[in-house]
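Protein chains in written order, with the numbering used here: chain A, 4 to 116; chain B, 4 to 119.
Bear in mind the hints are in silico, worked out from the structure with no lab data behind them.
Be aware that a few hints might be false.
Unchecked claim - Think about it this way: if two alpha-carbon atoms lie no more than 16 Å apart in a straight line, the pair counts; the simulated EDC-like pairs of lysine to aspartate or glutamate are:
| no. | chain 1 | residue 1 | chain 2 | residue 2 |
| --- | --- | --- | --- | --- |
| 1 | A | K60 | B | E99 |
| 2 | B | K6 | B | D32 |
| 3 | B | K41 | A | E104 |
Note that the structure is predicted; figures quoted are calculated from it, not measured.
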Amino acid sequence: KAGVTQTPRYLIKTRGQQVTLSCSPISGHRSVSWYQQTPGQGLQFLFEYFSETQRNKGNFPGRFSGRQFSNSRSEMNVSTLELGDSALYLCASSPHREYTEAFFGQGTRLTVV
Amino acid sequence: AQKVTQAQTEISVVEKEDVTLDCVYETRDTTYYLFWYKQPPSGELVFLIRRNSFDEQNEISGRYSWNFQKSTSSFNFTITASQVVDSAVYFCALSEAIGANSKLTFGKGITLSVRP
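Could you put together the complete structure from these sequences and hints?
Take a look at the structure:
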């Protein structure tokens, strides 16, 4: 069974641009969450989707948005990139929201220059 | 607000030593869930354990054991007879919701280095 797949693995963008990151959950998983990991702030929750609906949102500005498709694949978008958005973005999936374990992808390393 | 504190930032041990990773949490919820994750150099977080606030029973799984004490708001993790493959960053996390894919509040992580 394939794990959580995040694409691309690495990305370099310029300040002011926008970026879209993709997450394909494990087949059959309907819950997807996103996290930002930086050396300074650590791991911070961005949002959670279940059955195409955003169920929970972290404390991030509106420049950060996401969506989930009917096949449970998810995308997150960051507009007007800032240097501080440089981070590892991790996606996690689980079969449903109450499941004990979440399975993480290897992340997308975004560098903003 | 929820908070997880991992006071240790880096620990270095020699193979076969026992090592304990500390985790202290803060929450006003009476129902909450605690997690430990491991992050190897490849980047993905690997789930290790989940405990709920109603169950203070300690748990042992192979070389891993966990000590949950509500009285001190601590959820410590011990690796017995450490191995080089245990080298990773270990995160403690807290959630008010039952699912591991709900909003998790993570500690800053502890970098464990196990030397041969």
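These are the hints, each one checked on the structure:
The hinted pair formed by K60(A) and E99(B) meets the criterion: a straight-line CA distance of about 14 Å does not exceed 16 Å. For the suggested pair K6(B) and D32(B), the alpha carbons sit about 12 Å apart, so the restraint of at most 16 Å is met. The straight-line distance between the Cα atoms of K41(B) and E104(A) is roughly 13 Å, inside the 16 Å bound, and the hint therefore holds.
Checked against the numbered hints given earlier, the structure satisfies every one of them.
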